[in-house]
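So the chains spell out like this:
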Amino acid sequence: MAFDEAATVGTVLRALDDGMAAEDLLLDVIASVQGRVGREWAANSITVAQEHAATAINDRAVAAVALHPSVHVAPTRGRVTVACVDGEWHALPARLLAEVLRIRGWRVDYLGAQVTAPHLVAHLHRTGPDAVALSGSLATRLPAAHATITACQAVGTPVIVGGAAFGPGGRYARLLGADSWAPDARAAADELARGPLPRPRPGHQAIDDLPHLNDQEYTLVARSRPRLVRAVFAQLEKAYPAMRAYTEMQRERTAEDLSHIVEFLAAALYTGDEDLFCGFLLWTAGVLEARGVPAASLLPALELLQRELQDFPRATATLRAGAARLTVTPLTAAGTAV
Amino acid sequence: MLVADAGAVVVHANEAAGLVFPDARPGSAMADAVPGWLVSAHARCTAHLPAQRPPAGAGTVQGPVGDRSYEAHPTPRDDGTVVWWLVDDTDHRLAREALWTERERTEFLVRSSNLLLSSLNLDRCMDVTAQMAADHLADAALVIAPAHGPELPIVSCVRGGSPSVSRAVVDPEAVPGLAEALQGFPPVPSRWLDPSAAPAWLVPDGLDALGSIVITPLPGHGVPAGALVLLRADGASAFTEGEEVFARLFAARAGAAMSAARLYAEQASITDILMRELLPPLLHQVSGVEYAGGYRPSKDHERVGGDFYDVHPAADEGEPSLVVLGDVCGKGLQAAVMTGKIRNTLHALLPMADDHHRMLSLLNTSLLNSENARFATMVLASAARDGNAVQLRLTSAGHPAPLILRSDGRVEEARTKGTLVGALPEITTETARVTLAPGDTCVLYTDGISEARGGPMGGAMFGEERLRRALSECAAMPAEAVVEHVQMLTSQWVGTGRHDDMAVVVISAPRTNHLSAVDGHTRGRFTA
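So the protein sequences, as listed, match chains A and B.
Going by our numbering, 249 is the number at position 249 of the first sequence; the sequence numbering is gapless.
Remember, our numbering sits 338 above the position in the second sequence when you count from 1.
Rather than coming from a laboratory, the hints here were simulated on the basis of the structure.
For glycine and all other residues, C-beta sits at the position ideal for the given N, C-alpha and C.
Be careful, since some hints might not be right.
Footprint (simulated), chain A over chain B, 3 or more residues, beta carbon under 8 Å [said to hold, decoys possible]:
#: 1; segment: 638-652
#: 2; segment: 793-800
#: 3; segment: 821-830
Whole structure, please, built from the sequences with the hints as guidance.
Put into structure tokens, the structure is as follows:
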């Protein structure tokens, strides 16, 4: 994979000059390149930093498309706010959707990544859009997504969501009460073109979506994440003397991996879906294998976490299910389960 | 009490029944003496097949007699006759209807309040008001806001339809009562309008023949919120006094919501204008040098804080641009206001940007002389393109020294140091000169980044070492990507924990010199 910004932007502009439709260029070329960037990272062909470099170049390619004279469209439809879930760093999918909607004649306010719910709501009060399009790629941000969806609906604005975070078939979109879900930017634009999303009814209570949160397991696990990581790390060190020879970097990576495991466990507790956790474990196992680390190395950590969380029945059941899936599923080098 | 036989002939009627049904005498046919609803109920009770008859104890019917209404309870007797016990339930029924109406109205008001309270957007409040009024109070409704210039903003809605927004250049004086209602003061009552006197723009599409129109002012919080026009079609009953009073109750809620929304919009636009001056600027390429910046305030719900940065392009081509990144002691809005003062002062001092020490000394004096002064630390960087390279002069005033990231991944610290500004009468500074080869990058950051606390185990400091390690992976990356990478790492590091303001600015020498001139397109188009 080459990281040549000038060449990328040049190619994109030539394609537009040659008459390629901007929407196809954005979604069939740039978006699919970005998808490949993610896969290359999972397969250990590029580093996180390189992933950022590639994303930045793609972002400039999008900007170049947006500024091309063939793409200037006067707004003829309503107004849509496009934003990422708070804490989300993968802004490109939202950016692509914003440009596609703009090309299709919407008036678009693109708020980008790192938008807190209070900012978004203040923006909605000021501008009163027809809908909010919310993009999320990390399942660990689903609780934040839920807070944002509820906040938008509370001020009477319907929310259409999309992105990998919302699960296969958008199952978490429905769970979190989103007004609509779209598998990709084109589908989202089509859905919005079909007619206005119905205004959400007032008086909706977020807790009604997820009655299982009553057991407080999510809250307690999410809050004690650093403590859990410390405890499990210390015990791993005791059980595996080899870990004491780890470099500072290796120790930090291990702690980060443990932290991710707890984050995804928390997300699974929030959504009440073990599959979310199992899917993450299989993906992580694939990533680890691509980096020469046996997937089985995750099992002792899961075991120790189970012991730390023995008072939480949903958490321990989720951890057990994850460990079971890990031991029966063969993996491919690209990081995806067969 | 009235007794009739299987042939629907009255057998007996007591005195009370005689008063209600004067023609009901023994021997007279029921059909001639009592209303049809009782005749058919009697027929059901005396049906040939027992299965068709109502079971014993049931079969109570209810219907009008003259202007009153009665309940009739049947008691079938063994000889085939039926005794009808008649009870006057007029008052009961009226009370029930009144209660039902009140309940419906209360529910409507609660629902309106919920919808209106949920939004601080004026257009949305007008939409909700028009739709609720059209669906529950009239056949169509118009919400008219006070004029904005020559145009009158109008939202109209027909029952069952969706609200439509328009702006009309019309004279409200032309509609009797409208101008007064829009003024909001002195208070005016609802006003009836002769449908034939209504101008065409007052009648929404989809409503053909007008029956009655009533104009109700929307009272606001000391400011006029507008007027509500209710319209009923010809043939529908006119507005009763009770309905008119109820419409005023609804108008009070709608008016309060609309004026709150108007107030919020005004405040928000004031905040926006003031905030625009304090927000960090969007950075892009200037004179062949790439710039990118990122900022995260300590309080995530605020947009500004005590960190700031600016890039001032040189007045003349070839002269260095001046980059400033700094950190005012304190957080939040007050610190942000202080950053505004410093940024303005530095802007005024730009003509002496070739002498960092002099610039900082003057700023120091100005800060010492101002009241409510806080001290600040900052880095000045003058950057000029020199062939494919970029020449930098860097001066730190009590600030973490900039890091230089070479294209091979080495990270060096710029040799500059100095005292902070705004604390002591004299300052000392030491300026470093650095050359950035193509692909090299200079990173300015505030201590919010290096001193961020968190990490997977919690409580650990991000630290300069980790920052250097992170940067060394960013060799030869575009400036925005470096900024985003640093921001993402620190953001993940702090997680949901508390953090200080965090700012980072990256100055890069572009890796290839033809970046800005691809295919003859101008450089400007890549800088969005």
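Hint check:
1. 638-652: holds (count 3)
2. 793-800: holds (count 5)
3. 821-830: Coverage by chain A holds for the segment 821-830 of chain B (4 residues, Cβ < 8 Å).
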